[in-house]
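Q: Sequence:
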Amino acid sequence: MSRPTMPFISASRITGFLLAVAFVAAPAQAQEMTPADIVGVYQGFVSSSGAYWEITTTFKIDEAGQLVGSYIYDENGGSYMGELSRIRLTDDRKIVTIWSEALGSGVLEAEFSEGFSAFTGLWSGLEDDDAVYPWVGKRLE
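In short: position in the sequence shown from 1, add 18, done, that's our numbering.
Please keep in mind that the hints were generated in silico from the structure rather than gathered at the bench. You may find that some hints are simply not true.
No farther apart than 30 angstroms at their CA atoms in a straight line, the calculated lysine-lysine pairs in the DSBU-like style are these [said to hold, decoys possible]:
no. : residue 1 : residue 2
1   : K156      : K78
2   : K112      : K78
3   : K156      : K112
DEER-style ranges, computed between Cβ atoms [stated by the list, open to error]:
no. : residue 1 : residue 2 : range
4   : D109      : G58       : 17 to 23 angstroms
5   : L144      : M99       : 14 to 20 angstroms
6   : D80       : L144      : 30 to 36 angstroms
7   : D148      : A54       : 33 to 39 angstroms
Cβ atoms here follow ideal geometry from the backbone N, Cα and C, with glycine treated the same way.
Kindly produce the complete structure, drawing on both the sequences and the hints.
A: See below:
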């Protein structure tokens with residue numbers, strides 16, 4: 019199955035999406051997170067190559083009972099797929115995970131909103147851990 023190429027995302031669309039995610043992710047009473055809480059498909063944006071691109075991030079429980087993830091995004095006419103592994107639940111609604119794809123690998127740190135309907139995160143590459151870039155998603159209903 020071929021996936022259509024996603025166009026470059028406008029700054030106003032990104033701003034609106036980020037404001038919506040920030041509103042949903044506003045601080046609230048701490049909630050204990052379990053892997054099942056974040057299972058689902060999230061549509062959002064990721065910053066890469068100086069632009070924002072649409073990304074679909076999926077979290078699921080594998081056959082061994084481990085939380086795993088995957089993602090797909092289109093950048094400059096190419097479609098890229100990757101895996102999220104070694105997902106670690108940290109404080110409250112936060113995770114740390116390793117992302118990997120054909121172009122490289124690195125770390126994603128993300129915080130989920132109360133109710134786990136969205137996340138805001140920052141990713142970095144293993145070769146350049148000083149630079150971080152946004153990665154956000156909102157759960158598809």
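Q: State for each hint whether it applies.
A: Evaluation of the provided hints:
1. With a C-alpha separation of about 16 angstroms, the suggested pair K156 and K78 falls inside the 30 angstroms cut-off, and the hint holds.
2. Taken as a hint, the K112 and K78 pair is honoured in the structure, with Cα atoms around 16 angstroms apart against an allowance of 30 angstroms.
3. For the proposed pair K156 and K112, the alpha carbon gap of about 15 angstroms is at most 30 angstroms, so the pair holds.
4. Between D109 and G58, the C-beta spacing of about 21 angstroms keeps the proposed range 17 to 23 angstroms intact.
5. For L144 and M99, the Cβ-Cβ distance of about 18 angstroms falls inside the hinted range of 14 to 20 angstroms, so the restraint holds.
6. For the hinted restraint 30 to 36 angstroms between D80 and L144, the CB-CB distance of approximately 23 angstroms leaves it violated.
7. At about 34 angstroms, the CB distance of D148 to A54 agrees with the hint of 33 to 39 angstroms.
Going down the numbered hints, you'll see the structure goes against just number 6.
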